[in-house]
Amino acid sequence: MKYSDEYRDPKLAGQLSRQIHKITTRPWVIMEVCGGQTHAIVKFGIDTLLPEKIQLVHGPGCPVCVTPLEIIDRALVIAAQKQVIFCSFGDMLRVPGSSTDLLSVKAQGGDVRIVYSPLDAVKIARDNPQQEVVFFAVGFETTAPANAMAVYQAKESGLRNFSLLVSHVLVPPAMEAILSSKANRVQGFLAAGHVCAVMGYTEYPPIAAKYQVPIIVTGFEPLDILHGIAMCVEQLESGRHEVENQYTRSVTKQGNTHAQDLITKVFCVVPRKWRGIGEIPQSGLALRSEYKDYDAEIKFNLGNIKTQESPECISGLVLQGIKKPHECPAFGVECTPEHPLGATMVSSEGACSAYYRYKRIS
Amino acid sequence: MDSLSCPFPIQQYPQVLLAHGGGGKLMQQLIEKMFTTAFGPKPACGLHDSVVLNLPAKKVAFTTDSFVVKPLFFPGGDIGTLAVNGTVNDLAMSGARPLYLSLGFILEEGLDMETLWRIVRSIKKAADIAQVKIVTGDTKVVDRGKGDGIYINSSGIGIIEHGLSIVPSSVRAGDAVLINGDVGRHGIAVMATREGLDFETTIESDCAPLNDIVGLLIKAGIDIHCMRDLTRGGLASALNEIAQDASRTIHINEAAVPVTEQVASACAIMGFDPLYVANEGRFIAFVPENQASRALEILQKHPLGQGACRIGEVSGESRPEVILKSCIGANRILDMISGQQLPRIC
Numbered sequence: 009m010k011y012s013d014e015y016r017d018p019k020l021a022g023q024l025s026r027q028i029h030k031i032t033t034r035p036w037v038i039m040e041v042c043g044g045q046t047h048a049i050v051k052f053g054i055d056t057l058l059p060e061k062i063q064l065v066h067g068p069g070c071p072v073c074v075t076p077l078e079i080i081d082r083a084l085v086i087a088a089q090k091q092v093i094f095c096s097f098g099d100m101l102r103v104p105g106s107s108t109d110l111l112s113v114k115a116q117g118g119d120v121r122i123v124y125s126p127l128d129a130v131k132i133a134r135d136n137p138q139q140e141v142v143f144f145a146v147g148f149e150t151t152a153p154a155n156a157m158a159v160y161q162a163k164e165s166g167l168r169n170f171s172l173l174v175s176h177v178l179v180p181p182a183m184e185a186i187l188s189s190k191a192n193r194v195q196g197f198l199a200a201g202h203v204c205a206v207m208g209y210t211e212y213p214p215i216a217a218k219y220q221v222p223i224i225v226t227g228f229e230p231l232d233i234l235h236g237i238a239m240c241v242e243q244l245e246s247g248r249h250e251v252e253n254q255y256t257r258s259v260t261k262q263g264n265t266h267a268q269d270l271i272t273k274v275f276c277v278v279p280r281k282w283r284g285i286g287e288i289p290q291s292g293l294a295l296r297s298e299y300k301d302y303d304a305e306i307k308f309n310l311g312n313i314k315t316q317e318s319p320e321c322i323s324g325l326v327l328q329g330i331k332k333p334h335e336c337p338a339f340g341v342e343c344t345p346e347h348p349l350g351a352t353m354v355s356s357e358g359a360c361s362a363y364y365r366y367k368r369i370s
Numbered sequence: 066m067d068s069l070s071c072p073f074p075i076q077q078y079p080q081v082l083l084a085h086g087g088g089g090k091l092m093q094q095l096i097e098k099m100f101t102t103a104f105g106p107k108p109a110c111g112l113h114d115s116v117v118l119n120l121p122a123k124k125v126a127f128t129t130d131s132f133v134v135k136p137l138f139f140p141g142g143d144i145g146t147l148a149v150n151g152t153v154n155d156l157a158m159s160g161a162r163p164l165y166l167s168l169g170f171i172l173e174e175g176l177d178m179e180t181l182w183r184i185v186r187s188i189k190k191a192a193d194i195a196q197v198k199i200v201t202g203d204t205k206v207v208d209r210g211k212g213d214g215i216y217i218n219s220s221g222i223g224i225i226e227h228g229l230s231i232v233p234s235s236v237r238a239g240d241a242v243l244i245n246g247d248v249g250r251h252g253i254a255v256m257a258t259r260e261g262l263d264f265e266t267t268i269e270s271d272c273a274p275l276n277d278i279v280g281l282l283i284k285a286g287i288d289i290h291c292m293r294d295l296t297r298g299g300l301a302s303a304l305n306e307i308a309q310d311a312s313r314t315i316h317i318n319e320a321a322v323p324v325t326e327q328v329a330s331a332c333a334i335m336g337f338d339p340l341y342v343a344n345e346g347r348f349i350a351f352v353p354e355n356q357a358s359r360a361l362e363i364l365q366k367h368p369l370g371q372g373a374c375r376i377g378e379v380s381g382e383s384r385p386e387v388i389l390k391s392c393i394g395a396n397r398i399l400d401m402i403s404g405q406q407l408p409r410i411c
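If you're matching them up, the sequences are chains A and B in order.
Its first residue numbered 9, the first sequence is counted upward by one per residue in my numbering.
Its first residue numbered 66, the second sequence is counted upward by one per residue in my numbering.
These are computed hints drawn from the structure, not numbers from a lab.
Keep in mind that the hints are not guaranteed to be accurate.
Distance windows between CB atoms, simulated [stated by the list, open to error]:
1) A:135 <-> B:84: 48 to 58 Å
2) B:133 <-> A:35: 46 to 56 Å
3) A:108 <-> B:135: 40 to 50 Å
Calculated lysine-lysine pairs in the DSBU-like style (CA-CA distance at most 35 Å, straight line) [stated by the list, open to error]:
4) A:30 <-> A:218
5) A:332 <-> A:261
6) A:61 <-> B:390
7) B:198 <-> B:123
8) B:107 <-> A:10
9) A:163 <-> A:114
10) B:135 <-> A:163
11) A:300 <-> A:30
12) B:390 <-> B:205
13) B:123 <-> B:90
14) B:211 <-> B:124
15) B:284 <-> B:211
16) A:307 <-> B:211
17) A:131 <-> B:211
18) A:90 <-> B:205
19) A:114 <-> A:261
20) A:90 <-> B:90
21) B:124 <-> B:198
22) A:19 <-> B:390
23) B:123 <-> B:190
24) B:211 <-> A:114
25) B:90 <-> B:135
26) A:307 <-> B:135
27) A:30 <-> B:390
28) B:189 <-> A:332
29) A:190 <-> A:261
30) B:366 <-> A:19
31) B:135 <-> A:131
32) A:90 <-> B:211
33) B:198 <-> B:90
34) A:114 <-> B:135
35) A:19 <-> A:300
36) A:114 <-> B:205
37) B:390 <-> B:284
Built from N, CA and C at the ideal position, the CB exists for glycine as well.
Starting from the given sequences, assemble the full structure and let the hints guide the process.
Here it is, written out as structure tokens:
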């Protein structure tokens, strides 16, 4: 496939692997922030091409995994209501809430639909004026512009039966939370290329300087990731801690300013809870007051929802890079993709799911 | 059956009524005017509760499958072609020569007669191509809103004319794993139609009967150890099922598995892995190493095997798993899918 085969060349992968082996003299812990990168690392076996001294730990960049349980439970309550068409990206459907998941709500008669874009949900709202259409707006800076556009268009066209259940989170505050933790082991970051395609990378130099960690904006294909690791190790070995851009074919320093403007117009930055990690200050997005009519949490009176997280699940530690998935006693025993205890076992980008699918051998 | 127009008096009943499954005159009309028109004349003895067949073999293969596809029509096929080819292929995978099919229709009240006729015509055409006869059937009608237009169950009988034991336990260390063409087209064609996704070129389902191409391998004396058609769950699930049942380790070279540019692109957009996407005209065959080249030549000469190739082999290890050599040369487990593939967020 054009534009991806070029970045999966086994010969070039071998060259990069040898280069990393050559420059590595000490043990280093590097975190790939994005779940898409985690998935690629285990799917292509990239970690098997690295020296033993390099340890990759998996970051919190999986939107399915970090969406707090309370929000999932709210989604379940809204989706079960009769007049509601509940729209979501596909991989949110299997995420366990306190007692059930969206797929089960659908099986019990809820109108739960998978959409590929929030604008599809806007169209469903136009086509079904008697129904309330709710879109589950989760994700990082990557999905925020399209979700903002959906609300913006709905408001502009006077659509009243559309709303968002928002659980947007931001990457840089999560990186800071990890670095400032006493248990932190991370010495260098591969930053999420897609997030930077939207936001640019001007937010990162203060983090790199404050915590003295190299941050490499990295893509998602095998050669991108190997190249990002090589750049990171080179900085670590030479004692540098700068922000560098590996993913130059998609990312500019300033990012997509039109998308950023739209995000700012519709959303404001708020403190946000992350599943398994807890509240991180200024780490999320919520609808601005001008758009409160489109906020599902306001539109639907949800009352008090009691949440119950599985006591065995250590996904919070996995998402912070403190533990690896297979170090969890429940991994592959009580917790499997068929019966997940935590969201990291659900999403195709979740570290536990990726380990379960691709790495059971080790 | 040459007529393209629906033989049913559609001015009177343009849609299926509950009474068409009620056992009375309307049902009789439906059977006589539509089904026997398409599938063959009534036997001289009249319609009976069951059909009596003379089978020219001691060993027969018998299988059943149900079809609930949405949408009913998609590029490269429809629920009718699936109902024939799905059952024919299940028979072919045991090396049987499929002869007879039964069809059970569950129709939803309100289904357009024209739609039903279009499906019946597809069934007839697919049965002719696969050289099987529809010999018995059943019709039920459910209330409007209780079905997706039409569900079909088909069962099939085929005869075994070879002495091979084509089962997972026959798989041996050193066997070559062959495939008859590119994977993932059926699943993507159906999904693209269902979700209204427009690609620059239309992706057509690979839906096809595999009995003829399998027959060529058997006739040529290829000592087939096992075969499996790659339906739901795709190539990955079929390989895992065989690895489990045979207690063998199967090694697959990802770069060797054919995937068209269009399917690879569609999968990349939706976050799917083509190795898990459904097919309806693809199969894998486990054959002894020393017959692999000849088997490939035979497959490649058939229209359904032009893209046939070798994708891996069975190793001497007895761990029941599938190891995939990724395109950058690293090994990983190729696991069975959990649930269904769901489109990802970003």
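Now the hints, each set against the structure:
Between residue 135 of chain A and residue 84 of chain B the C-beta distance comes to about 33 Å, which lies outside the given range of 48 to 58 Å. For the hinted restraint 46 to 56 Å between residue 133 of chain B and residue 35 of chain A, the CB-CB distance of approximately 54 Å keeps it satisfied. The beta-carbon spacing between residue 108 of chain A and residue 135 of chain B, approximately 25 Å, falls outside the hinted interval of 40 to 50 Å. At most 35 Å may separate the alpha-carbon atoms for a hinted pair to count; residue 30 of chain A and residue 218 of chain A meet this at roughly 29 Å.
Restraint check for residue 332 of chain A and residue 261 of chain A: satisfied, since their Cα atoms lie roughly 32 Å apart, inside the 35 Å limit. In summary, the hint linking residue 61 of chain A to residue 390 of chain B is supported, as the alpha carbons are separated by about 24 Å, within the 35 Å threshold. Between residue 198 of chain B and residue 123 of chain B, the direct Cα distance comes to roughly 20 Å. Compliance with the 35 Å bound is thereby established for this hinted pair. A C-alpha spacing of about 56 Å is found between residue 107 of chain B and residue 10 of chain A, which places the hinted pair above 35 Å, so the restraint is violated.
For the hint linking residue 163 of chain A to residue 114 of chain A, the alpha-carbon distance of about 28 Å falls within 35 Å, and the restraint holds. With a C-alpha separation of about 34 Å, the suggested pair residue 135 of chain B and residue 163 of chain A falls inside the 35 Å cut-off, and the hint holds. For the suggested pair residue 300 of chain A and residue 30 of chain A, the alpha carbons sit about 56 Å apart, so the restraint of at most 35 Å is broken. For the given pair, residue 390 of chain B sits about 49 Å from residue 205 of chain B by alpha-carbon distance, which is inconsistent with the 35 Å threshold.
With a C-alpha separation of about 40 Å, the suggested pair residue 123 of chain B and residue 90 of chain B falls outside the 35 Å cut-off, and the hint is violated. Note on residue 211 of chain B and residue 124 of chain B: the hinted pairing is violated, with a Cα-Cα distance of about 40 Å set against a maximum of 35 Å. Taking the CA atoms of residue 284 of chain B and residue 211 of chain B, the gap is near 46 Å; set against the 35 Å cutoff, the hint is violated. Between residue 307 of chain A and residue 211 of chain B the CA atoms are separated by roughly 32 Å; this keeps the pair inside 35 Å, and the hint holds.
At most 35 Å may separate the alpha-carbon atoms for a hinted pair to count; residue 131 of chain A and residue 211 of chain B meet this at roughly 26 Å. A threshold of 35 Å between alpha carbons decides the hint, and for residue 90 of chain A with residue 205 of chain B the separation of about 30 Å falls inside it, so the pair holds. As the CA atoms of residue 114 of chain A and residue 261 of chain A are separated by approximately 43 Å, the hinted pair breaks the 35 Å bound. Using a Cα cut-off of 35 Å, the hinted pair residue 90 of chain A and residue 90 of chain B is violated, with the two alpha carbons roughly 40 Å apart.
Of the pairs offered as hints, the one joining residue 124 of chain B and residue 198 of chain B holds, with about 19 Å between alpha carbons and a cut-off of 35 Å not exceeded. A C-alpha spacing of about 14 Å is found between residue 19 of chain A and residue 390 of chain B, which places the hinted pair at or below 35 Å, so the restraint holds. The hinted pair formed by residue 123 of chain B and residue 190 of chain B meets the criterion: a straight-line CA distance of about 29 Å does not exceed 35 Å. About 16 Å separates the Cα atoms of residue 211 of chain B and residue 114 of chain A, which keeps this hinted pair within 35 Å; it holds.
Of the supplied pair hints, the one linking residue 90 of chain B and residue 135 of chain B holds, its CA atoms being roughly 31 Å apart against a limit of 35 Å. The straight-line distance between the Cα atoms of residue 307 of chain A and residue 135 of chain B is roughly 34 Å, inside the 35 Å bound, and the hint therefore holds. Proposed proximity of residue 30 of chain A and residue 390 of chain B is supported: the alpha carbons are some 25 Å apart, at most 35 Å. The straight-line distance between the Cα atoms of residue 189 of chain B and residue 332 of chain A is roughly 56 Å, outside the 35 Å bound, and the hint therefore fails.
Of the pairs offered as hints, the one joining residue 190 of chain A and residue 261 of chain A holds, with about 31 Å between alpha carbons and a cut-off of 35 Å not exceeded. The suggested pairing of residue 366 of chain B with residue 19 of chain A holds, with an alpha-carbon distance near 34 Å, which does not exceed 35 Å. About 21 Å separates the Cα atoms of residue 135 of chain B and residue 131 of chain A, which keeps this hinted pair within 35 Å; it holds. Distance hint between residue 90 of chain A and residue 211 of chain B is fulfilled; the C-alpha atoms sit about 18 Å from each other, no more than 35 Å.
With a C-alpha separation of about 26 Å, the suggested pairing of residue 198 of chain B with residue 90 of chain B holds against the 35 Å cut-off. Using a Cα cut-off of 35 Å, the hinted pair residue 114 of chain A and residue 135 of chain B holds, with the two alpha carbons roughly 17 Å apart. Between residue 19 of chain A and residue 300 of chain A, the direct Cα distance comes to roughly 54 Å. Violation of the 35 Å bound is thereby established for this hinted pair. At roughly 27 Å between alpha-carbon atoms, residue 114 of chain A and residue 205 of chain B fall within 35 Å of each other, so this suggested pair holds.
Distance check on the hinted pair: residue 390 of chain B and residue 284 of chain B sit about 33 Å apart at the alpha-carbon level, within 35 Å; holds.
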